[in-house]
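Each chain, letter by letter, is given below.
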Amino acid sequence: MTSIREEMWKTRGILFNFAVYDLKIRYRNSVLGVLWSFIEPLLLLAVLFVVFSTMFKFEIPNFPIYLLLGIVCYRFFQNGTTLALNSLTNRSSTITQIYFPRSIPGLSAGITSAIMLVFELMVLGIFMAAFQFIPTVTILLLPLVLALELLLIFGIALPLSVLNVKFKDTEFIWGVVLSAGFFLTPIFYQFDMLPEAIRNVLQFSPMVQIVTMAHHVVLYGMLPSVNTVLYAVGSISAITVIGYLIFRKYQAKIAEDM
Amino acid sequence: MSDYAVSVKNISKKFKLFHEKRDSIYESAAGFFQKKRHSEILQALDDVSFNVKHGEIFGIIGRNGDGKTTLLRIISKIYSPDSGSVDVKGRVIPVLSLGLGFHPELTAISNVYQSSILLGFKKEDISKRANDIIKFAELERFADTKIKNFSAGMQMRLAFATSVLVDPDILILDEVFAVGDINFQKKCFDTIMSFKKRGKAIIFVSHDMEPISKFCDTVMFLKEGKVGKIGSPEESIAAFQDYLAEHPEINPKGNISSSV
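As you go down the protein sequences, you meet chains A and B in turn.
Numbering of the first sequence is given in the working numbering, commencing with residue 1 and proceeding in unit increments.
Numbering of the second sequence is given in the working numbering, commencing with residue 1001 and proceeding in unit increments.
FYI, nobody ran anything at the bench for these hints, they're computed from the structure.
Glycine is no exception: its CB is placed at the ideal position from the N, C-alpha and C atoms.
It cannot be assumed that every hint is accurate.
Straight-line C-alpha distance at most 25 Å; calculated BS3-like pairs for lysine-lysine [what the hints assert, rightly or not]:
hint	chain 1	residue 1	chain 2	residue 2
1	B	Lys1089	A	Lys10
2	B	Lys1014	A	Lys168
3	B	Lys1089	B	Lys1009
So the derived label-pair ranges between C-beta atoms look like this [claimed, not checked]:
hint	chain 1	residue 1	chain 2	residue 2	range
4	A	Val241	B	Lys1014	25 to 35 Å
5	A	Ser92	B	Ala1238	32 to 42 Å
6	A	Val34	B	Thr1145	14 to 24 Å
7	A	Ile173	B	Lys1009	36 to 46 Å
8	B	Ser1151	A	Val31	36 to 46 Å
9	A	Ser93	B	Lys1053	54 to 64 Å
10	B	Lys1053	A	Val31	50 to 60 Å
11	A	Ser225	B	Lys1009	56 to 66 Å
So these bits of chain B aren't anywhere near chain A, every CB distance computed over 10 Å [as the list claims (entries may be wrong)]:
hint	residue
12	Gly1090
13	Asp1167
14	Lys1196
15	Pro1248
Working from the sequences, and respecting the hints, build out all of it.
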């Protein structure tokens, strides 16, 4: 069945096109249009910042930036997987009328979320300027961390998109996973604050590794530890392979399940 | 290998039909907990084989629910068959249920791009033809209107214009003449005939026997998922009409046009 992989590779050029259409559909009928992709995270980050910085007084240096960086990383993951979840079900008429590689909607959801991420990073930059925060030079490694996160998003987007056609339950389960994940990821606390038993389990979460690496390179001027990198690359590769296998199993029949 | 444009060999396809008979509150509550659902196997297509030559217009007729659309979807790769094979030479464009996979929230022109890109055409090639497509569909005023505001006829015109102007090797048309005015129908027929002259294959499904008998070279009558008859339009239409006459109970009104 290499043909599915070949098909995915051949269509890589049109994913960006498709992602742009997705954004257009997302902001349809809104007065401000694409401006929302900038305003929405600005307002949202402001709200989360006010809530968490007044309610949780942890002794974390540069807490505003620490918090917002974590939120931006997590929202990238949340946006990508949520868009992927409904990417096929929202296109039932297209799927029952023409054949095209079924990987396109799920993967382009990842690209859409990457475009949204660019806007959120701009908002983060505004906050950095407002707090007169000067990031360390290792911030140049942040794109690598986010690229690894994009791979994770692809790996989860593909199976989510087909599973949600077959089992509508996927949507509800994934909503719960995302809410739990927000609290189980060191976004408004530090990982070391957790009891060791919990840390031992949570260290396998790829999002814990991603957010930790982002904190390291942006705030502490440190290279992520070899352990962290290995855990992250290992778990994300495993998830992506499993995700691809699930996708391959269900993709041929999705038009019939619509 | 054969020099057929489309070669369908022994295609079979089953569907599982689920029935949920929950008449009382108790039953729906019980049904919620026991995941057992009544299901039934529907043999949509049973060992169907046929060939379409280059430059041939191939008609398919049959009652509703006898497998015509399923067959077209299998040829277009939308469904995969349980057994059998489909061999297609060149690029296929299907116009099924009056659309080409259009998204209601995108404008006409965006949909032309999206559908043809998804079908594997290059963006630059479509850019060259986009204006012609809109002009052919007679939708110049509506190029930037969202598809959801289109009538069925407008949507079909756009789908047909896109499908012929991207120049596929094989064209599949399902009931495209059910909507649209006389002028546009004539334009469609002219285009189909020019496709035929250029050696392209056309598979054509209709409930209206007039265009079937007028344009098709060969007609297949699909009877309850099986091949009822493959032959000249007259032979196949006669077989279909005989079948309907023998089974008045399944088709009391007769969905066949009386003009033949």
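These are the hints, each one checked on the structure:
Among the hinted pairs, lysine 1089(B) with lysine 10(A) is consistent with the structure: their alpha-carbon atoms are about 20 Å apart, no more than 25 Å. Under the criterion of a C-alpha separation no larger than 25 Å, the hint pairing lysine 1014(B) with lysine 168(A) is consistent with the structure, at around 23 Å. Of the pairs offered as hints, the one joining lysine 1089(B) and lysine 1009(B) holds, with about 14 Å between alpha carbons and a cut-off of 25 Å not exceeded. Checked against the hint of 25 to 35 Å, the pair valine 241(A) and lysine 1014(B) passes, with Cβ atoms roughly 32 Å apart.
Restraint check, serine 92(A) to alanine 1238(B): a C-beta distance of roughly 39 Å satisfies the suggested window 32 to 42 Å. Checked against the hint of 14 to 24 Å, the C-beta distance between valine 34(A) and threonine 1145(B) comes to roughly 20 Å, which is consistent with it. Range check, isoleucine 173(A) to lysine 1009(B): about 42 Å between beta-carbon atoms, so the 36 to 46 Å window is met. The hinted window of 36 to 46 Å between serine 1151(B) and valine 31(A) is violated, with their beta carbons roughly 28 Å apart.
Range check, serine 93(A) to lysine 1053(B): Cβ separation about 32 Å, and the 54 to 64 Å hint is violated. In this structure the supplied range 50 to 60 Å holds for lysine 1053(B) paired with valine 31(A), their Cβ-Cβ distance being about 56 Å. Distance hint for serine 225(A) and lysine 1009(B): a CB-CB separation of about 59 Å, consistent with the stated range 56 to 66 Å. Remark: the non-interface label on glycine 1090(B) is consistent with the geometry, its nearest Cβ contact in chain A lying 14 Å away (cut-off 10 Å).
Listed as outside the interface, aspartate 1167(B) is consistent with that label: its C-beta sits roughly 16 Å from the nearest C-beta of chain A, beyond the 10 Å cut-off. At roughly 23 Å, the least C-beta separation between lysine 1196(B) and chain A is larger than 10 Å, which holds for a residue marked as non-interface. Taking the minimum C-beta to C-beta distance to chain A, about 33 Å, the non-interface status of proline 1248(B) holds against the 10 Å cut.
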